[in-house]
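Q: Sequence:
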Amino acid sequence: MKKTLILLFISLNIFQTNAQTLEKLRCEYQETPMGLEVLNPRLSWQMKATNRGAKQTAYQILVADNEADLKKDNGNVWNSGMVKSEQSIKIDYAGKPLESRKRYFWKVKIWNEKNKPTLYSEPTWWEMALLKKEDWSAHWIGKNGTDGKSIELQKEFNLGKRATRARIYVTGVGAYHLIFNGKKVGQDILTPGLTKDSKTIPYQIYEISNEDLSIGINFITATLGNAWQKGNLPNKLLFQMEMEFYDGSRQTVISDGSWKTRLSPIVSNSIYAGEIYNAQLEYGKDWENAAIMDEAQNGIELKPQISPQAKVIKEIKAVKITEPRKGRYVFDFGENIVGYAYLQTEGKATKEVELKYAETLTDKGLAELKGIKPTDKYLLKGYGIEKWEPKFSFHGFRYVEVEGLPKKADENTLVAKVIYENSPFVENYAYSEDLLAKIYAKKVIVEPNFNESKVVIAPPLAQESKTFDTNYGQIISQSNLQGNKFSLKLTIPANSSAQIQLPLQAGKTINNIKEGGKFFIVKKKPVKIEGITYVKSEKDKAIFEVSSGTYDFIIE
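Going by mature numbering (1 follows the signal peptide of the UniProt record, and there is no 0), the letters in the sequence shown line up with residues -19 to -1, 1 to 537, in that order.
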């Protein structure tokens, strides 16, 4: 009987200890960031508990430079030891100096309210960027005499064995669209996006899988366009691909004078006005060696992209197609969106298809063009089914008027692609059709205190879309609604500030606003928190100013 009781006691103890698990491990507020340049990144986690009164009283973090050591509970890069603290966010890494390119694996365990340790969390990782100027061996390349024009760049290289790891580090002056072995690299569009200032350019890092690498010849194609670049300046590419192999050897492919270049089939491109594409120019043979353009980029600082880039997050088919005039079809997508149209058609090479984007229609049912009159044009090459979408332009629209189609339009002729710079926000928030949509109609407004280049901040109506630029980088926002709690994670770049207007549910007033677990507003009375200045509360929103930093707001 005594043995039975002891076993029961032990079992209950184990159950109680394991009632807490650790989840949502984050490094610099990201799940598995690739390309950190922060030398002491901040680590965070959340505790999930099934018992009442559960809390953390201490923690221990292990960081290793390989998975095998971490599995053995060997933090060969950093072992924090047992730290008595309830803190679970913004814990500075304090281990050995971090190295360029390296991936670091980490996990954490905590001690609960009874001073019993939990099991370690599932392991996760972060990866460092190129931390030193000397890490770059690539050259800026382009095509002489092509200021303001879209160009193509191509490179082929041979691979003799399978790689264990492959990374592409890439950026551009203007914007780039990168294809590797016939497949688009990454889901980002309009990269590299905004620049911090004229002396800073963000670069992107992409992991290339073994499945996408070929033993033998591999092909790289980059198309460059203007995007937000001002003036007729040459578009340029900086590309560095690094591969590692089982035997410890490495191979690097860089942008240099061995690349080939020519004008692209994109005859003209403007970020808002539209794009003209001549498919008959796709197979031109007027290739020449790329020009090295390093001199013009002297003094440029390269910074890894830390915020999400614009992505296509949704495709929408037209809810209605009309033909108000013979041969002029109007596609109604049922809601105002930001994005562009994907065209699919076939016909003779003499045909030109014109797409006009609008938020409203005229009395005659045609697209009502305003301002810059956004229009895309596609010239058919004349064989097979042709599929096309713009690479360096986007629009706010609900309607697309199409003229010049070789045959009658149907629902497959045109699909609207919705873009946004933060897909979790849009998928979980912007397009729901219940109370969430009503809250979203009021929207979270992020208005920077400067305005030079542009980023779209999820509009409920295209004419209300917030486009802005900061001289210091992108403002990132992630919003969500869970039950009666509305949350907003916000990152404001260095040397910047922004005004935030947080929406309230209809008919409700603010009870609490927390930031990072601390109360900021309690029943409309502000509590001072570093970096945040209260402005005022109105019946449907709270308004305040925030300086640079990362914030985690919760409204109750």
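Wrong hints could be hidden among the right ones.
List time: in silico BS3-like cross-link candidates among lysine-lysine, alpha-carbon distance up to 30 Å [stated by the list, open to error]: (1) Lys298 with Lys332; (2) Lys164 with Lys499; (3) Lys65 with Lys495; (4) Lys130 with Lys354; (5) Lys266 with Lys180; (6) Lys71 with Lys83; (7) Lys241 with Lys114; (8) Lys114 with Lys77; (9) Lys368 with Lys164; (10) Lys329 with Lys358; (11) Lys329 with Lys389; (12) Lys351 with Lys266; (13) Lys241 with Lys301; (14) Lys266 with Lys354; (15) Lys368 with Lys298; (16) Lys130 with Lys499; (17) Lys351 with Lys388; (18) Lys5 with Lys292; (19) Lys164 with Lys351; (20) Lys113 with Lys65; (21) Lys499 with Lys517; (22) Lys241 with Lys292; (23) Lys165 with Lys83; (24) Lys354 with Lys71; (25) Lys65 with Lys241; (26) Lys114 with Lys52; (27) Lys52 with Lys164; (28) Lys241 with Lys298.
Since the hints were derived computationally from the structure, they do not count as laboratory data.
Q: All hints are to be evaluated individually against the structure, with a verdict given for each.
A: The hints, checked one at a time:
Proposed proximity of Lys298 and Lys332 is supported: the alpha carbons are some 24 Å apart, at most 30 Å. In summary, the hint linking Lys164 to Lys499 is not supported, as the alpha carbons are separated by about 46 Å, beyond the 30 Å threshold. For the given pair, Lys65 sits about 24 Å from Lys495 by alpha-carbon distance, which is consistent with the 30 Å threshold. About 21 Å separates the Cα atoms of Lys130 and Lys354, which keeps this hinted pair within 30 Å; it holds.
Note on Lys266 and Lys180: the hinted pairing is violated, with a Cα-Cα distance of about 36 Å set against a maximum of 30 Å. For the hint pairing Lys71 with Lys83, the CA-to-CA distance comes to about 21 Å; that is within 30 Å, so the pair holds. With a C-alpha separation of about 26 Å, the suggested pair Lys241 and Lys114 falls inside the 30 Å cut-off, and the hint holds. Restraint check for Lys114 and Lys77: the C-alpha separation of about 21 Å stays at or below 30 Å, so the hint holds.
At roughly 15 Å between alpha-carbon atoms, Lys368 and Lys164 fall within 30 Å of each other, so this suggested pair holds. For the hint linking Lys329 to Lys358, the alpha-carbon distance of about 15 Å falls within 30 Å, and the restraint holds. Our distance criterion of 30 Å between C-alpha atoms is met by Lys329 and Lys389, whose separation comes to about 15 Å. Using a Cα cut-off of 30 Å, the hinted pair Lys351 and Lys266 is violated, with the two alpha carbons roughly 39 Å apart.
A hinted pair counts as satisfied when its Cα atoms are at most 30 Å apart, and Lys241 with Lys301 does not qualify at roughly 45 Å. A distance of roughly 34 Å separates the Cα atoms of Lys266 and Lys354; the hinted pair therefore is violated under the 30 Å criterion. For the given pair, Lys368 sits about 16 Å from Lys298 by alpha-carbon distance, which is consistent with the 30 Å threshold. Pair hint Lys130 plus Lys499 does not hold up; C-alpha atoms about 51 Å apart against a cutoff of 30 Å.
For the proposed pair Lys351 and Lys388, the alpha carbon gap of about 28 Å is at most 30 Å, so the pair holds. The suggested pairing of Lys5 with Lys292 holds, with an alpha-carbon distance near 23 Å, which does not exceed 30 Å. Under the criterion of a C-alpha separation no larger than 30 Å, the hint pairing Lys164 with Lys351 is inconsistent with the structure, at around 36 Å. A C-alpha spacing of about 36 Å is found between Lys113 and Lys65, which places the hinted pair above 30 Å, so the restraint is violated.
For the suggested pair Lys499 and Lys517, the alpha carbons sit about 19 Å apart, so the restraint of at most 30 Å is met. With a C-alpha separation of about 28 Å, the suggested pairing of Lys241 with Lys292 holds against the 30 Å cut-off. For the hint linking Lys165 to Lys83, the alpha-carbon distance of about 25 Å falls within 30 Å, and the restraint holds. With a C-alpha separation of about 47 Å, the suggested pairing of Lys354 with Lys71 is violated against the 30 Å cut-off.
Under the criterion of a C-alpha separation no larger than 30 Å, the hint pairing Lys65 with Lys241 is inconsistent with the structure, at around 60 Å. As the CA atoms of Lys114 and Lys52 are separated by approximately 34 Å, the hinted pair breaks the 30 Å bound. The suggested pairing of Lys52 with Lys164 is violated, with an alpha-carbon distance near 35 Å, which exceeds 30 Å. Taken as a hint, the Lys241 and Lys298 pair is broken in the structure, with Cα atoms around 39 Å apart against an allowance of 30 Å.
Of the hints listed earlier, those the structure fails to meet are numbers 2, 5, 12, 13, 14, 16, 19, 20, 24, 25, 26, 27 and 28, in rising order.
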